[in-house]
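Trainee: Chains A and B are the protein sequences, given in the same order. Note that the first sequence covers residues 150 to 327 in the working numbering. Note that the second sequence covers residues 2 to 303 in the working numbering.
A few of these clues could be false.
[What the hints assert, rightly or not] Not the full set, but computed from the structure, chain B residues with beta-carbon under 10 Å of chain A:
#1 Ser11
#2 Asp15
#3 Leu39
#4 Ser41
#5 Glu50
#6 Pro51
#7 Ser59
#8 Asn63
#9 Trp68
#10 Asp280
Hints listed in this document are in silico derivations from the structure and should not be mistaken for laboratory results. Positions of the beta carbon are idealized from the N, C-alpha and C atoms, including for glycine.
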Amino acid sequence: MRRHYDRIHAVCRRIAGGSRDADDACQEALIKIVRNLPRFDGRSSFGTWAYRIATNASLDELRKRERRPKLDRDDNTIDRADDRAAQRVDHVGDRLVLDAALADLPDDLRAAVVLRDVANLDYSEIAQVLEVPVGTVKSRISRGRAALATRLRLDLDLPISPEIGNQSDPDERPTDLT
Amino acid sequence: MNDDLTLLASAYLDGDVTADERARVETDPELTAEVERLRSVRVLLADVEPSSIAVRESLLSNALEAWDRLPIGERTGAARDATPVKRGIGPATAAAAATITAPISLADRRRATVNRRLLGAAAAIVVVLAGGVVLQSAFSGNDDSSSSLSAPDATTSAEALTESPQDARTATAAGGEVAPADAANDSGGLDTGINNPAPPTETDLEQLNTPEELGIFASDAVGAPKAPDVPAATSGSIDDQLTQSQASILAVEWPLCLGADFVVGPARYGTVEVVVGVDESRALALAYVADSCLEVARARLP
């Protein structure tokens, strides 16, 4: 369990989004994995089996979140005195931008991309987890990546570095936003 | 960029293209740019901030408590055994199933902690004793040298200076002195390595030339699979803990890359010095360059 924890958590983090939801999903997944261990028959690898549980737990967590009542106001309604400053703050929090871009993806695309790029599963393993044909997996990964690339680079004016860092002058950067 | 080209770029990124498709991507600047765009997304996604240690331990602890609450009958895999199993499961998969179907219960974990402490104390005593033996052997080795130097035959003394201590003793005996009985056994029967020729300093790396050899090398290093229904008490044995400790030491010495769960050791693949890691969840042996994590080869564990 300990050996697989990091990747299970990473899958939950990327699919469920916010860290608290991800922790909840991860907890749910770990407990389900433990409870179902006696029924694990080895037909797939343990990782594939565990990631399937983690994926489903994360998607369940998302659905729970959608059912929760929204807070008092929508973020879009916030008045921004200086759009550029607000945009800069957004860019500094690259992780938040990535979370938002992922949240905008349809669940099926997000799960496929995360299982490929975070869990590092191959197409056939992802097909097992999502119970869809391999061709569908390829298509979903491609569309998901393209949508993320568009969301991360074209919807925002400032580029985001692949190393998760902003492009502003180092002196202007806050030390820690997380 | 239309969907087909994006699909091709994405497949290229995953290494799932034919030779023709690969050539097409690599010669088309637009496709190459698309590959780089998708690659940057992959890098961003893969960089997940780890959860804090406190959160991790809390989540794992809760999960293990759930295991402790399971009825004993369920823990032993009775439910799994009742499930019809498809034929043809690979040994690696069976080993993986065997390994994970028996988490250690709370009582066993506590017992294992005590055992680990006792084992640590015993290891410390052994190290101290071994150090004493080594020092004693070193001093007695010096005595031998001085006795050989005091031999009347100057030629023999010169030879004793240039040859190994064992040869020196032989030379001394040949020079007319009777070697003391305990001098021949001055290390008390333990092979301390001091009186023996030094081992070669170069590390002999295992030569691997094919993915099959890589898989066999990793599989041999991982060891034989366990029996499917090992009781919980035996699966958390000290031997297992030692193996985990060794794996941790290897992981400190060489980086874990490409999703490897642990490192088996160094080897030479073709002409490249590589680190061989094992991704247990996918039953893969991975050979990669330690410095750059560049993948050199991969193979299914046999």
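Trainee: For every hint, state whether the structure bears it out.
Mentor: We went through each hint and held it up to the structure:
no.	hint	in the structure
1	Ser11	4 Å, holds
2	Asp15	7 Å, holds
3	Leu39	5 Å, holds
4	Ser41	4 Å, holds
5	Glu50	7 Å, holds
6	Pro51	6 Å, holds
7	Ser59	8 Å, holds
8	Asn63	6 Å, holds
9	Trp68	5 Å, holds
10	Asp280	8 Å, holds
In this structure, every one of the numbered hints holds.
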